[in-house]
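Undergrad: Position chain B against the provided structure of chain A, taking the given hints into account.
Chain order of the listed sequences is A and B.
Last residue of the first sequence: number 417 in our numbering, and the count goes up by one each step with no gaps.
Last residue of the second sequence: number 736 in our numbering, and the count goes up by one each step with no gaps.
Hints may contain errors.
[Said to hold, decoys possible] Within a straight-line C-alpha distance of at most 20 Å, the following computed SDA-like cross-link-like pairs (lysine to any residue) qualify: (1) B/505 - A/374; (2) B/471 - A/374; (3) B/412 - A/354.
[Claimed, not checked] Partial list, computed: chain B residues near chain A (C-beta under 7 Å): (4) 420; (5) 446; (6) 480.
[What the hints assert, rightly or not] Pairwise CB distance ranges, derived in the manner of DEER restraints: (7) A/383 - B/620: 57 to 63 Å; (8) A/391 - B/309: 37 to 43 Å; (9) A/391 - B/308: 40 to 46 Å; (10) B/314 - A/390: 43 to 49 Å; (11) A/381 - B/309: 26 to 32 Å; (12) B/636 - A/380: 56 to 62 Å; (13) B/619 - A/376: 53 to 59 Å; (14) A/383 - B/629: 54 to 60 Å; (15) B/384 - A/376: 18 to 24 Å; (16) B/283 - A/380: 55 to 61 Å; (17) B/640 - A/376: 53 to 59 Å; (18) A/381 - B/490: 36 to 42 Å.
Simulated from the structure, these hints should not be mistaken for lab results.
Where is the CB? At the ideal position from N, CA and C, for every residue including glycine.
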Amino acid sequence: MELFAYLDPGSASALLAAVLAGIAGLGAALRTYGKNFMSKVMFWKKDEPVADGPAAKATPDQNDDKPAEQ
Amino acid sequence: MANAEPGSFRDRDSRVVVADDAIYRALSPEGAEDWDALAASPLLETLVNRGDLIPTKEVDGEVLASSGSATGTDLLPTGVERVLEHQRIPFVSYPYEWTFSMLRDAALLQLDLGIAAIDEGLSLKDATPYNVQFQGASPVFIDVGSFEKLPEGRPWIGYRQFCMLFLYPLLFQAHKDLPFHPWLRGSIDGIQPIDAVKVFSLRDRLRKGVFLHTSLHARLDRRANKSGPGDAEENAKQRTVKPEAVQAHMKSMRRLVEKLRWKSGETAWSGYRQDNTYSDDDDRRKQAFVAEVAAAEKPGLTWDMGCNDGAYSRIAAESSDLVIAFDFDHATVESLYRSLKAEGNSKILPLVSNIADPSPALGWRGLERQTLADRGAPDLMLALALIHHVSISANIPIADFLQWARDLGTTLLIEFPKRTDPMVRALLANKHEGANPDYDLDNFERELERRFTVERREELPSGDRVLFLAKPR
Chain A
348 MELFAYLDPG
358 SASALLAAVL
368 AGIAGLGAAL
378 RTYGKNFMSK
388 VMFWKKDEPV
398 ADGPAAKATP
408 DQNDDKPAEQ
Chain B
264 MANAEPGSFR
274 DRDSRVVVAD
284 DAIYRALSPE
294 GAEDWDALAA
304 SPLLETLVNR
314 GDLIPTKEVD
324 GEVLASSGSA
334 TGTDLLPTGV
344 ERVLEHQRIP
354 FVSYPYEWTF
364 SMLRDAALLQ
374 LDLGIAAIDE
384 GLSLKDATPY
394 NVQFQGASPV
404 FIDVGSFEKL
414 PEGRPWIGYR
424 QFCMLFLYPL
434 LFQAHKDLPF
444 HPWLRGSIDG
454 IQPIDAVKVF
464 SLRDRLRKGV
474 FLHTSLHARL
484 DRRANKSGPG
494 DAEENAKQRT
504 VKPEAVQAHM
514 KSMRRLVEKL
524 RWKSGETAWS
534 GYRQDNTYSD
544 DDDRRKQAFV
554 AEVAAAEKPG
564 LTWDMGCNDG
574 AYSRIAAESS
584 DLVIAFDFDH
594 ATVESLYRSL
604 KAEGNSKILP
614 LVSNIADPSP
624 ALGWRGLERQ
634 TLADRGAPDL
644 MLALALIHHV
654 SISANIPIAD
664 FLQWARDLGT
674 TLLIEFPKRT
684 DPMVRALLAN
694 KHEGANPDYD
704 LDNFERELER
714 RFTVERREEL
724 PSGDRVLFLA
734 KPR
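So that you can see chain A by itself, here it is in the shape it has in the complex (with noise of 0.2 Å):
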């Protein structure tokens, strides 16, 4: 894999860069994921759409689910 164009990413900033891509990312797939299984389960509530992909493209989600913004 490519590392980089001209910036250096600094190796140990890469290294802490995909370790929190890790954690956030494992983030929001729970949430995905939580709430597919909570829409099944809790029938009897209205079903909303889940807002990931295109839709949410120019605006970040704020809903996203966090690893500690620490």
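TA: What follows is chain B alone, placed relative to chain A:
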């Protein structure tokens, strides 16, 4: 005559060329591929229409040669494949001149674009506030060359740079009320993690952004420094990261930045006019004077030195193309920016600046960042309720100040508070008897006449202050 922008050299695929009447960007073959990917996506049009990205179009490569610029491999190592033209930013400014909210809004713009890019299979090569400029009170992303095709598997490459140039300065101001300007002015690459961590106490680790992005970041940095480059590079290469995860990382950073607040900057009107010794009559006459002069001069660029709450900037803006509103006090300018932003004002650019110590030339060969005057000398300068601070507090001789204005070649609208003025008496009170002897109306007028032609002279009703309109000889 066109010159390659001295600050635009790090990216071997993209080089900015500044011509007399246009801003060009030369792209290498690789750079052209990245541009094609951006141009093919709906993102380009969306961002330009929203005012988030600088309007850009392709032009004939001939423009480089015909404008007198270097071309081909003299400009980029792998040659020039494509040339773009960008809309010009009327006045360039730098993050060490911005207020807290300006830096924060620039950070949010950088993040929003990075997040949006990933949805289109694109990515941003870096994450620096020098990618962003302000049009009035609106941030706009100017580094079109930063967009590239998304290489799969990489983490957020700009993360470190984002921390060093955006996050740490914002954290200093938000959590410690520590002004970030000297840090950014003093270090072109920003603040290292191992240095940033020293500013925070153990208790600060509980604050947003400190533990993960500062403390842990610094710890990993120290370890990497000890073990040498080889290990960590191997480590990083083994970790493939999904684009969605990178996007989630950016989104979490966006949430963090969005929540940062600078409390001192929020107290309403810390920018309240310090020199509020006027009668209403004085105020009215002064406003009328400024309005008349601006309407007659129709300046392209106005500098309002010591703008305070921006009242006179606003008057001048009615007849100027652009007003730069400078003040020394960060909180004052921050308040002004917030007002301008709420109005969507694009004619006034607020900046933090010390007239006695303005931004220097910085970077490689002292050419990457320019002085204020090199970026655009004013057609009209407002120096209202200013000279007594410059002369008595900063101890700059009257003659020197006037020479500086003369050398800028600007029309000068200057207010001279006499020694009898309450504010002047207050400033002199702390000094010995007979201090600042050159601070005297007769002397001032003499020095002014030597360098300028005085077109208008008006004593304000209170009798303590005199306004002058002066044109450089």
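Undergrad: Indicate whether the distance between the beta carbons of residue 384 of chain B and residue 376 of chain A respects the range 18 to 24 Å.
TA: Given a distance of about 20 Å, which is inside 18 to 24 Å, the answer is holds.
Undergrad: Is the gap between the beta carbons of residue 283 of chain B and residue 380 of chain A within 55 to 61 Å?
TA: About 58 Å separates the Cβ atoms of residue 283 of chain B and residue 380 of chain A, which means 55 to 61 Å holds.
Undergrad: For the hint on residue 446 of chain B, just tell me whether its beta-carbon gets within less than 7 Å of chain A.
TA: Residue 446 of chain B check fails; min Cβ-Cβ to chain A is 18 Å, beyond 7 Å.
Undergrad: With the threshold set at 20 Å, check whether the alpha-carbon distance from residue 412 of chain B to residue 354 of chain A stays at or below it.
TA: At roughly 15 Å apart (the allowed maximum being 20 Å), residue 354 of chain A and residue 412 of chain B satisfy the hint.
Undergrad: State, for the Cβ atoms of residue 391 of chain A and residue 309 of chain B, whether the hinted interval 37 to 43 Å holds or is violated.
TA: 39 Å, holds
Undergrad: Is it true that the CA of residue 471 of chain B sits at most 20 Å from the CA of residue 374 of chain A?
TA: 18 Å, holds
Undergrad: Between residue 391 of chain A and residue 308 of chain B, is the Cβ distance one that fits in 40 to 46 Å?
TA: At roughly 44 Å between Cβ atoms, residue 308 of chain B and residue 391 of chain A fall inside 40 to 46 Å, so the hint holds.
Undergrad: Taking the Cβ atom of residue 383 of chain A and the Cβ atom of residue 620 of chain B, is their distance within the range 57 to 63 Å?
TA: Taking Cβ atoms as reference, residue 383 of chain A and residue 620 of chain B lie about 59 Å apart, which means the hint holds.
Undergrad: Can you tell me whether the CB distance of residue 314 of chain B to residue 390 of chain A sits inside 43 to 49 Å?
TA: 45 Å, holds
Undergrad: Given the hint of 54 to 60 Å, is the C-beta distance from residue 383 of chain A to residue 629 of chain B inside that range or not?
TA: 58 Å, holds
Undergrad: Measuring from beta carbon to beta carbon, are residue 640 of chain B and residue 376 of chain A in 53 to 59 Å?
TA: 55 Å Cβ-Cβ, so the 53 to 59 Å window holds.
Undergrad: Is 36 to 42 Å respected by the C-beta to C-beta distance linking residue 381 of chain A and residue 490 of chain B?
TA: Given range 36 to 42 Å: holds, Cβ gap about 39 Å.
Violated hint: 5 only; the structure is consistent with all others.
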